[in-house]
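Student: Residues per chain are reported as follows:
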Amino acid sequence: MTTSGKTASAAYLRTTVAPPERPPPLTSGPLAWLRENLLSSPLNVALTLAGLYIVYVLVPPAVRFLLVDAVWTGEDRNACLVSAAGQPVGACWAFVASRLRYFVYGAYPDGQLWRVNLVFALCAAGIVWLLWTRAPRKDLGAIFFFGLFPVAAVVLLYGWPAIGLPHVHTSLWGGVVVTLVVAFAGIVVSLPFGVLLALGRRSRLPLVRLVSVTFIEFWRGVPLITVLIMANTMLPLFLPGNMSPDKLLRPLVGVALFASAYMAEVVRGGLQAIPKGQFEGAASLGLNYWQTTRLVVLPQALRIVIPGIVNTFIGLFKDTSLVSIVGIFDLMRTIEVSLADPRWATPVTAASGYAFAAIFYFVCCFGMSRYSIAMEKRLATGHKRQETDR
Amino acid sequence: MKKSLLAAIVTVAAFGAAGASAATLDQVKQRGVLHCGSNPGLAGFAVADDKGQWTGFDVAFCRAVAAAIFDDPAKVRFIPLTAKDRFTAVQSGEVDVLIRNTTWTMSRDTSLGLNLGPVNYYDGQGFIVRSSLGLKSAKELEGASVCVQQGTTTELNLADFFRANNIKYEPVTYASAVEAVKAYDSGRCDAFTTDASALYAERLRLTAPDEHVVLPEIISKEPFAPVVRHGDDQWFDLVQWTVNATINAEELGVTKANVDEQLKSENPEVRRLLGVEGNFGEGIGLPADWAVRIIRHVGNYGEIFAANLGPDSPLKIDRGLNRLWTNGGILYAPPIR
Numbered sequence: 001m002t003t004s005g006k007t008a009s010a011a012y013l014r015t016t017v018a019p020p021e022r023p024p025p026l027t028s029g030p031l032a033w034l035r036e037n038l039l040s041s042p043l044n045v046a047l048t049l050a051g052l053y054i055v056y057v058l059v060p061p062a063v064r065f066l067l068v069d070a071v072w073t074g075e076d077r078n079a080c081l082v083s084a085a086g087q088p089v090g091a092c093w094a095f096v097a098s099r100l101r102y103f104v105y106g107a108y109p110d111g112q113l114w115r116v117n118l119v120f121a122l123c124a125a126g127i128v129w130l131l132w133t134r135a136p137r138k139d140l141g142a143i144f145f146f147g148l149f150p151v152a153a154v155v156l157l158y159g160w161p162a163i164g165l166p167h168v169h170t171s172l173w174g175g176v177v178v179t180l181v182v183a184f185a186g187i188v189v190s191l192p193f194g195v196l197l198a199l200g201r202r203s204r205l206p207l208v209r210l211v212s213v214t215f216i217e218f219w220r221g222v223p224l225i226t227v228l229i230m231a232n233t234m235l236p237l238f239l240p241g242n243m244s245p246d247k248l249l250r251p252l253v254g255v256a257l258f259a260s261a262y263m264a265e266v267v268r269g270g271l272q273a274i275p276k277g278q279f280e281g282a283a284s285l286g287l288n289y290w291q292t293t294r295l296v297v298l299p300q301a302l303r304i305v306i307p308g309i310v311n312t313f314i315g316l317f318k319d320t321s322l323v324s325i326v327g328i329f330d331l332m333r334t335i336e337v338s339l340a341d342p343r344w345a346t347p348v349t350a351a352s353g354y355a356f357a358a359i360f361y362f363v364c365c366f367g368m369s370r371y372s373i374a375m376e377k378r379l380a381t382g383h384k385r386q387e388t389d390r
Numbered sequence: 001m002k003k004s005l006l007a008a009i010v011t012v013a014a015f016g017a018a019g020a021s022a023a024t025l026d027q028v029k030q031r032g033v034l035h036c037g038s039n040p041g042l043a044g045f046a047v048a049d050d051k052g053q054w055t056g057f058d059v060a061f062c063r064a065v066a067a068a069i070f071d072d073p074a075k076v077r078f079i080p081l082t083a084k085d086r087f088t089a090v091q092s093g094e095v096d097v098l099i100r101n102t103t104w105t106m107s108r109d110t111s112l113g114l115n116l117g118p119v120n121y122y123d124g125q126g127f128i129v130r131s132s133l134g135l136k137s138a139k140e141l142e143g144a145s146v147c148v149q150q151g152t153t154t155e156l157n158l159a160d161f162f163r164a165n166n167i168k169y170e171p172v173t174y175a176s177a178v179e180a181v182k183a184y185d186s187g188r189c190d191a192f193t194t195d196a197s198a199l200y201a202e203r204l205r206l207t208a209p210d211e212h213v214v215l216p217e218i219i220s221k222e223p224f225a226p227v228v229r230h231g232d233d234q235w236f237d238l239v240q241w242t243v244n245a246t247i248n249a250e251e252l253g254v255t256k257a258n259v260d261e262q263l264k265s266e267n268p269e270v271r272r273l274l275g276v277e278g279n280f281g282e283g284i285g286l287p288a289d290w291a292v293r294i295i296r297h298v299g300n301y302g303e304i305f306a307a308n309l310g311p312d313s314p315l316k317i318d319r320g321l322n323r324l325w326t327n328g329g330i331l332y333a334p335p336i337r
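Residue numbers (full-length UniProt numbering), protein chains in the order written: chain G, 1 to 390; chain D, 1 to 337.
It is worth saying that the hints were derived from the structure and are not from the lab. From the three backbone atoms N, C-alpha and C, an ideal C-beta is built for every residue, glycine too. There could be a bad hint or two in this list.
[Unchecked claim] Label-pair ranges, simulated between beta-carbon atoms: (1) D/210 <-> G/151: 54 to 60 Å; (2) G/230 <-> D/266: 58 to 64 Å; (3) D/178 <-> G/66: 16 to 22 Å.
[Unchecked claim] One side only, chain G facing chain D, incomplete, derived with CB under 10 Å: (4) 107; (5) 175; (6) 324.
[Stated by the list, open to error] Restricting the straight-line Cα-Cα distance to at most 30 Å, the calculated cross-link-like pairs of lysine-lysine (DSS-like) are: (7) G/318 <-> D/51; (8) D/221 <-> D/168; (9) G/318 <-> D/182; (10) D/256 <-> D/316; (11) D/256 <-> D/29; (12) D/29 <-> D/51; (13) D/139 <-> D/221; (14) G/318 <-> G/138; (15) D/84 <-> G/318.
All chains, please: the whole structure from these sequences, using the hints.
Tutor: Structure representation (structure tokens):
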């Protein structure tokens, strides 16, 4: 007499598991999601409708302008004129395509473009190495990206005749190259320099503190555009005629110092959030100042201020477009110069050029933003409050 | 007090720089490249092509100076300057010469430590209207609405012109030129006014460029001239005579194509221009064939104009005042003798 035989014989017992009932339609599935998130109260219904209306007003014309009516191929302005196409004309991507080489490389000589491409490739390799979570030897990656890569990039871009790379004067650099050079210099210099300044500002040595405070407050006290105009217009007046630092280097230094001051205050915010117990604990283990800073304080402080750091980076990246005002040919400047070209003068040329710039900046800044969120999640080791799960 | 101190420093620095670089030509030769201040982007005058190479009317004159010195129009580094920093760049010696659609005015010539001249382009404020209106002259704009950028001398010139001619009009002002052009294009105004050279460029941005005409009246004087700093007269002469040579070449019919043939010309004026007779280059520190170099590499004034502003360019600007004096314009260069 087996249990199975007994159960099978009992007529009132089910032999199979009852099939699961579908949940009530309004507690799960897309409908429920809609109800819960978009239509849960009269106010939300109204907001949803308002939102839909805004989307309806903005998105179709944008899609129409950027994609549907856009002109993708053409040799000159005639392609993007209403009269030629015989229909309303959207973005003139033919203009961007014809100018793309200039937007990316500026006036960099034709035969030497591989050098720029190599720099881009090295940069991409370094970024992947550092950002890909399972990449080996992150420490080497960091040395490569923050130590070797900048040197290699300068040698490649500027040239070194001794190893067969002819000089390419910075007046020939332009477009995305310059935008990235300025942003990268600002980022690479500002992080370490900002950390040092933040530590200096909290130092017990009066001289160090004074120097740090003066530096930070001076650079935060002047607008970036003033710094740039000072560097590019006024500086040559104060120097003897023959001594004129490179025209790209001047704003580069200005941007880097400016960003360092902001970075210093962001990092200081993180330093102040470290409880005193951490310092005392470190002291009780016999760690000296630098060991405490390196092993205990900075790892915690920097993790706290990731949003602030990335915020500064994104701000810096977008501020690089200010150098266009002092005659440096960054992406914005190259686009604006191209707008002056009568070969491409049409009613939609300017909008197309600026749309291209907007897309470029958005992709870069959005990428930085997403990466910082991913990094925060990875580093959130019970230190920060869990965000409400949704 | 602070301000005067700063001014003093700037002045001293400027003069120091000027004094230190008395022999600009030697410096340029030693450097192997001419530093030319240029516009960072103005249709017809300075435009970067798809490869970033500068072309344009002003650019051609920079190349002409380089060609005269090095026999190579490529030996010039363009330093794009904004309207604000263009003069300091000359004062500080950052550029050897500024050729950047710069209007020659008395204050600029006398109070900035700079020398200007000669005029390479006579510009002035003009009007553009719809051709359907059938207007022949700006004086027929009675009761018209005129789109104009606010806070500019353009706006003031406009008021002066209509007051002087006792014509009623309605100015419609906009913060930027772009907005003003858009408003004109959408039919908000009957006319749009700005510098004539810019009118031709703006016209190309209109929805239907062919339905608009530029009226013949020029209501202000905007003579564009190259700029050098005080203290090196030979260098100033060199720049002046580079421009003069292009104008004389057009007058004498010497072109890029026939310059080598013209070396055999019997015309004494041509022979002097091309250095076959006399050695006029000596005075500006250059060899006798200085003008040949300019014409061979860059062309004469008419060729430069046609290629960058005139019929061979999309702008199709009328020569107008910039015709030779022999053709009803006011372009007139002193003789080479």
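Student: Would you mind marking each hint as holding or not holding in the structure?
Tutor: Status of each hint after checking the structure:
1. In this structure the supplied range 54 to 60 Å holds for residue 210 of chain D paired with residue 151 of chain G, their Cβ-Cβ distance being about 56 Å.
2. Between residue 230 of chain G and residue 266 of chain D the beta carbon distance is about 59 Å. The supplied range of 58 to 64 Å therefore holds.
3. The hint said 16 to 22 Å for the Cβ distance between residue 178 of chain D and residue 66 of chain G, and at roughly 20 Å that hint holds.
4. The interface hint given for residue 107 of chain G is met, as the beta carbon of that residue sits about 3 Å from the closest beta carbon of chain D, less than 10 Å.
5. At its closest, the beta carbon of residue 175 of chain G sits 8 Å from a beta carbon of chain D; the interface hint therefore holds under the 10 Å criterion.
6. Taken as an interface hint, residue 324 of chain G checks out: its beta carbon lies about 8 Å from the nearest beta carbon of chain D, inside 10 Å.
7. For the hint pairing residue 318 of chain G with residue 51 of chain D, the CA-to-CA distance comes to about 25 Å; that is within 30 Å, so the pair holds.
8. Between residue 221 of chain D and residue 168 of chain D the alpha-carbon distance is near 23 Å, which keeps this suggested pair within the 30 Å criterion.
9. Between residue 318 of chain G and residue 182 of chain D the alpha-carbon distance is near 28 Å, which keeps this suggested pair within the 30 Å criterion.
10. Between residue 256 of chain D and residue 316 of chain D, the direct Cα distance comes to roughly 21 Å. Compliance with the 30 Å bound is thereby established for this hinted pair.
11. A hinted pair counts as satisfied when its Cα atoms are at most 30 Å apart, and residue 256 of chain D with residue 29 of chain D qualifies at roughly 25 Å.
12. Restraint check: the Cα-Cα separation between residue 29 of chain D and residue 51 of chain D comes to about 27 Å, which is no more than 30 Å; the hinted pair holds.
13. This hinted pair checks out: residue 139 of chain D and residue 221 of chain D have alpha carbons roughly 18 Å apart, not beyond 30 Å.
14. Under the criterion of a C-alpha separation no larger than 30 Å, the hint pairing residue 318 of chain G with residue 138 of chain G is consistent with the structure, at around 28 Å.
15. This hinted pair checks out: residue 84 of chain D and residue 318 of chain G have alpha carbons roughly 23 Å apart, not beyond 30 Å.
Of the numbered hints listed earlier, not one is contradicted by the structure.
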